[in-house]
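Just need the whole structure built from these sequences, with the hints factored in.
So the chains spell out like this:
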Amino acid sequence: MCHQTVSLVSRHLESQGITTIVVGSARDIVEECGVARMLFVDFPLGNPCGKPGDRDMQQSIVSLALDVAATAITPRTTVQAPVQWGSDDWRAAFMRVDDSNIDALRVAGDKRRAAQAASSGKG
Amino acid sequence: MAARADRQVSHRSFVSYIDKSREYYSASGFDQPYCWAAFDEVPFSPHTKPLAECNVAVVTTTFLHHHDSAHGAPATGKQVYAHPVADVPDRMFTSDLSWDKQATHTDDTESFLPLKALQQLADNGTIGSLNHRFFGVPTEYSQRKTGLDADQIATWCAQDGVDIALLVPL
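Protein chains in written order, with the numbering used here: chain S, 1 to 123; chain L, 1001 to 1170.
The set of hints was computed from the structure by calculation and includes no laboratory data. It cannot be assumed that every hint is accurate.
With a cut-off of at most 27 angstroms between alpha-carbon atoms, the simulated DSSO-like pairs for lysine-lysine come out as follows [claimed, not checked]: (1) Lys1116/L to Lys51/S; (2) Lys1020/L to Lys1116/L; (3) Lys1101/L to Lys51/S.
Chain L is faced by these chain S residues, among others (derived, beta-carbon under 7 angstroms) [stated by the list, open to error]: (4) Arg11; (5) Gln58; (6) Met95.
Covered, in the sense of this in silico footprint (three residues per stretch, anywhere, with C-beta under 8 angstroms from a C-beta of chain S), are these stretches of chain L [stated by the list, open to error]: (7) 1081-1093; (8) 1101-1115; (9) 1121-1135; (10) 1139-1147.
Using N, Cα and C, we set each Cβ at its ideal position, and we do this for glycine too.
In structure tokens, the structure reads:
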């Protein structure tokens, strides 16, 4: 949801004459919304500006973002940062749904709906 | 001879969060999938000013810690905000946002709020300046509410003479 929020802000700023670039890891959400420029960092959600503690990587990602901001000639410009997380396990693990957790997800969802109903009933 | 591929893939490798979240919430019993914003037309402001003369601001979806949020208090009443870059805490409030808490952490603010990196680029003359304040926007399901927040951030950017906004979602 963070990616949609900043994409909408980006679109508005751009319409006001401010150059924008979204630095993000949820490429599909940003591209479906449609922004002027995106630097796609193919990392787990949480560290789009580089791995925690890796100052060199962070500096290179921010520098590249500014280069893309300054040089893009058309909207919907997406550049993928040349960085790797190191493992791909997170891709399948995030929001995983399979036989091992589907019952637990259903129970958790029922609880959440009950809590929402109780909350809205309080008026 | 062509270089050998690093990997062989049978599916697109980058994650579709629209697909993942739909399947996850469907499995959790939520019948109506969230409908994401999608626009055909995209506003574009061609950039003409040299980077070395540009004032750059950051927009984040993270928040400053409030009262007991460091101890697990829920996020309530989040409002769009502006905050001085000279007064950035060591940690930001991120626990209520949907990021990958199994794979990584947000203890290093520079990994999502790159103010020191930008200050370094200002110091070495790559950019003109880091704007004196950064902006925070609440993550909203309501696209209408985000539109109001976007108005506020645009007003602040105009007041500060921001040339480039670097928007970093978590």
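Hint check results:
no.	hint	result
1	Lys1116/L to Lys51/S	15 angstroms, holds
2	Lys1020/L to Lys1116/L	33 angstroms, violated
3	Lys1101/L to Lys51/S	14 angstroms, holds
4	Arg11	6 angstroms, holds
5	Gln58	5 angstroms, holds
6	Met95	4 angstroms, holds
7	1081-1093	violated (count 0)
8	1101-1115	holds (count 13)
9	1121-1135	holds (count 3)
10	1139-1147	holds (count 6)
The earlier numbered hints that this structure contradicts are 2, 7.
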